[in-house]
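**Q** Use the sequences and the hints to build the structure in full.
2 protein chains.
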Amino acid sequence: MSITIGHHLIKRLAQIGARHIFGVPGDFSLLFLEQVAHASHLTFVGCCNELNAAYAADGYARLAGIGALSTTYGVGELAALSGIAGAYAERVPVICITATPPLEAMRRGALMHHSLADGNFENMFTCYKQFTVAQTRLELRNAASEIDRVLRACWLEKRPVYIQFPSDLIATEIPDIVSPLDLRLPLSHSAGLSQAVSDITQRLTKAKRPALLIDADVDRFDLTALVVRLAETYGMPIVSLAPAKGIVSDLHPYAMGSYRGAGSAPDVREAVERSDCLIAIGARFTDVSTGLFTHDLGAAFLIDVQPFEVTVEDTTYRRVMSHDLMERLLAAAPQGVFPPPPHRSASRSKADRPDNPGRLTQDSFWAKVQGFIRPDDVILADTGTCSFAAGALPLPENTIFVSQPIWGSIGYALPATLGICLAEPNRRQILFIGDGAFQMTVQELSTILRLDLNPIIFLINNDGYTIERLILGAEAAYNDIQPWAYRDVPGAFGLAERVRSHVAATEEELAAAIAAAEKNSGASIIEVLLPRMDGPGMLAKFARLAAEFDFPQLREQPVQVE
Amino acid sequence: MSITIGHHLIKRLAQIGARHIFGVPGDFSLLFLEQVAHASHLTFVGCCNELNAAYAADGYARLAGIGALSTTYGVGELAALSGIAGAYAERVPVICITATPPLEAMRRGALMHHSLADGNFENMFTCYKQFTVAQTRLELRNAASEIDRVLRACWLEKRPVYIQFPSDLIATEIPDIVSPLDLRLPLSHSAGLSQAVSDITQRLTKAKRPALLIDADVDRFDLTALVVRLAETYGMPIVSLAPAKGIVSDLHPYAMGSYRGAGSAPDVREAVERSDCLIAIGARFTDVSTGLFTHDLGAAFLIDVQPFEVTVEDTTYRRVMSHDLMERLLAAAPQGVFPPPPHRSASRSKADRPDNPGRLTQDSFWAKVQGFIRPDDVILADTGTCSFAAGALPLPENTIFVSQPIWGSIGYALPATLGICLAEPNRRQILFIGDGAFQMTVQELSTILRLDLNPIIFLINNDGYTIERLILGAEAAYNDIQPWAYRDVPGAFGLAERVRSHVAATEEELAAAIAAAEKNSGASIIEVLLPRMDGPGMLAKFARLAAEFDFPQLREQPVQVE
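Line by line, the protein sequences give chains A and B.
Residue 277 in this note's numbering sits at position 277 of the first sequence, and the numbers go up by one each step.
Residue 453 in this note's numbering sits at position 453 of the second sequence, and the numbers go up by one each step.
Derived from the structure by calculation, the hints contain no laboratory data.
For identical chains, the list gives no copy identity; a pair is met inside one copy or between any two copies.
Under the rule of at most 25 Å between Cα atoms (straight-line distance), these lysine to any residue pairs were calculated in the SDA-like manner:
1. Lys11 / Pro552
2. Lys208 / Thr316
3. Lys11 / Pro102
4. Lys541 / Pro102
5. Lys129 / Ala144
6. Lys129 / Gly109
7. Lys11 / Gln553
**A** What follows is the structure in structure tokens.
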């Protein structure tokens with residue numbers, strides 16, 4: 001039996017769990033798209049541009065477990081690169097497939113369009129190599145094995161990979177491989193695993209103040225259930241770094257809240273920094289996660305669990321898989337379930353405030369929103385005021401929270417909503433996005449509505465880049481944007497009838513808009529008018545710290561400009 | 001006297017000719033933007049996203065001689081990268097300034113937002129190195145000299161350069177340098193230049209069929225006047241490669257037309273391929289310029305003039321500046337001006353056809369447009385049917401033609417129009433762009449109208465990616481796009497009153513719209529409805545060749561898809 005290389009790739013995409021592939025056509029990729037168009041289990045989702053397609057693939061991958069992107073050589077793939085770098089930073093598995101000029105043309109250095117016309121065909125590969133964990137340029141002799149190698153790396157490492165697919169190979173036949181893609185996880189190194197488990201359980205059983213500190217990798221490596229069972233088994237509070245928002249519900253009895261260095265609640269800070277057995281899972285102490293490096297773990301006994309290794313204070317055990325380690329820790333535990341730790345903060349859920357006819361503020365808006373969020377919702381928060389405010393909302397059980405706390409690309413969340421609606425059509429999707437961010441990637445709203453998807457979009461219109469204004473240039477023109485007539489955007493896309501639009505400047509209007517959105521089975525856009533210098537509580541403090549961190553001159557004095 | 005590093009850079013940007021800098025703010029760049037905001041001779045132009053800003057800077061640079069871009073680290077600069085790669089391919093000098101985290105934070109490998117949060121701060125630099133001719137990360141000890149080195153490289157090589165500007169250095173003071181930026185061209189190697197001139201004049205004075213073959217570099221290195229004088233002095237026809245469109249007017253008596261390999265007019269083909277002294281200036285024989293490598297120069301005697309060297313058949317003289325060479329060739333010439341060569345094709349200008357009430361076609365549309373174009377217009381043609389059709393229009397004297405014949409990024413020309421309107425406000429700017437391309441970068445129309453700029457935009461609505469349909473997938477969904485209500489887009493941007501919108505499906509409607517646009521002093525958008533499978537004459541043939549080139553299987557048979 002033989003199969004074309006394109007069909008082999010399509011088969012493998014199905015086996016790894018991709019039911020959609022996002023992208024923009026280009027001449028080199030057309031034959032692959034033709035193959036996809038005839039495949040029963042894979043749908044091409046044409047986006048308005050490649051960066052948006054990359055964001056959509058990222059959003060899709062966060063919920064479906066894998067994402068796929070199809071671009072054309074050079075011009076298309078480079079436009080997507082920032083989105084792929086974001087997927088790397090945020091640990092999201094996206095398979096980037098770029099169709100290149102024919103292999104023979106590249107080998108002889110032909111001066112092709114979509115290249116620099118200098119015979120160099122290595123530069124795009126070099127760029128993608130920075131932001132992917134495996135890369136390949138397919139050749140006839142190794143196409144199947146290379147596809148399999150690269151897809152497996154994506155699956156295991158939960159990070160992007162890159163496939164250059166020469167156009168002349170797409171319909172070329174190779175022997176079919178009957179066995180499915182090998183997605184088994186590698187085995188842990190047995191002795192190291194046992195020693196690590198022994199070290200940790202010894203410490204854990206004697207610890208007075210054990211705690212779990214979780215980060216986004218807990219979601220990416222599917223460790224949430226193990227985290228919760230560990231907490232229950234050993235009576236440990238679960239503290240989240242900002243990127244772990246929503247992984248364990250804020251309302252879970254063992255959930256203690258969010259650690260952000262000196263900006264943490266005092267009990268949370270003590271639980272982390274004074275822990276005599278702090279089991280950190282996938283933790284990355286980034287500027288945003290630590291209130292600009294105000295964390296201090298010097299007095300804590302740190303067990304640093306990473307996906308493929310664990311470090312117990314100063315000893316690193318390599319090739320120890322995090323899920324193996326956690327399962328063994330559970331197996332080694334004393335019987336029974338410990339009660340929730342006594343030092344847990346009081347309930348974080350705020351009562352929904354009564355409707356108030358006054359003009360909306362960040363505080364009143366988010367208080368109202370909190371009552372709107374239901375279990376099982378997917379909440380998307382774009383970078384800026386939205387991610388700061390939504391990140392501080394207590395979320396109900398089984399809510400999924402999506403943002404980009406590390407890469408922080410404004411505009412990401414609108415195309416990501418496209419991906420998430422396709423990955424999880426049975427959940428309600430709620431997007432919070434600022435006006436500046438919305439303008440970045442606006443055209444993908446067209447695709448969302450064209451495909452009859454039904455997110456609820458809160459468009460926070462605060463007249464420009466408020467997060468930047470809080471850092472520097474409160475009144476500066478460089479933080480201004482054109483005030484769009486946002487409610488007319490769906491109509492300009494020819495899709496006004498697919499969406500209900502509302503504008504809310506007051507609490508009453510917001511309440512009415514939310515009530516209408518709850519009843520509407522289709523898409524809703526609620527434009528929320530907020531004051532331009534109103535940031536959610538934590539943001540103002542963070543912005544001041546950021547300004548002083550970025551621009552040391554600002555610490556002493558207002559900056560001198562002529 | 002001392003000066004901040006930011007102000008030194010601003011001063012140098014003024015000296016090199018940048019009056020505008022395009023970009024999007026980000027926290028690392030805010031202090032630099034604050035400095036720019038207070039500079040009298042440099043204006044920040046905030047764009048809706050970074051790729052659009054890069055395209056705007058590219059368009060600006062093509063007319064102003066230099067362009068500048070301000071982005072933030074990682075997320076912003078990577079989003080712009082495809083636009084910068086395009087500037088490299090098309091030889092356009094753009095200065096990319098990216099504000100990075102503080103130098104000290106990078107040195108200690110801090111886990112910063114907008115990075116991969118792994119302590120690696122080299123990956124963005126590596127990417128930009130692929131597409132720029134000089135790069136630097138500023139440090140205190142060498143900031144001024146590095147800025148000067150990199151800007152000079154941009155000026156000399158007419159290609160992008162890259163400056164990483166750590167946020168903590170922006171307001172740091174250094175000794176001021178009084179002398180202006182050194183923009184003098186390097187001297188040619190004297191002996192090599194003389195020998196080359198001697199070789200070429202010997203050949204040229206005896207040649208029976210000398211010809212000039214010009215490419216885009218003639219414009220970039222300001223050689224147009226020299227080319228025309230050479231043609232007149234030696235009686236040579238001027239043949240253009242596609243990217244040289246508009247550099248020498250199609251109506252110039254020495255202009256012979258366009259060479260495109262086997263697709264050339266027979267007299268043009270013979271003039272090039274049988275020339276016994278073919279002086280090619282900046283020529284790059286790309287797929288698009290040669291009808292997919294159907295050129296054959298085996299029988300021609302080729303003199304390959306590149307910006308910094310010349311090759312006479314098999315002998316290369318390095319460090320010979322093209323302008324020095326051409327001036328010396330003029331000085332060495334016999335007295336008098338040769339008449340235009342007799343083998344010039346008949347006039348290429350077509351008569352404007354009478355208005356016809358029938359539905360518009362590509363043929364009737366472009367015939368009508370031709371009568372609309374005036375001397376001194378700037379014509380922008382986005383990649384696809386527009387660039388193919390507009391590239392074949394005879395243009396009046398002193399018309400400037402802008403497209404991306406090598407990089408071929410659809411959507412480029414709308415943001416490029418923003419740059420060009422600012423660079424050349426006194427010329428009329430006419431943009432031709434397809435519907436798929438328009439959707440890619442639509443938000444920059446908002447900036448164009450916000451700044452009260454007045455281009456005339458022909459939006460060719462042919463219901464999807466027609467150029468791709470002509471290659472493969474005529475009826476395929478992957479070549480479809482959402483049919484927007486394009487006339488409502490300016491209103492959605494809150495700028496309906498800044499533009500006159502028209503829709504033309506018939507020749508009568510087109511005539512009326514064009515008449516209205518001629519009278520309107522503000523911006524106009526004319527949406528032109530054309531059949532989805534109607535491509536300009538040359539394109540259908542090129543598309544078939546491209547399909548066979550990319551997908552060899554198509555040569556024998558229609559592709560087999562299951």
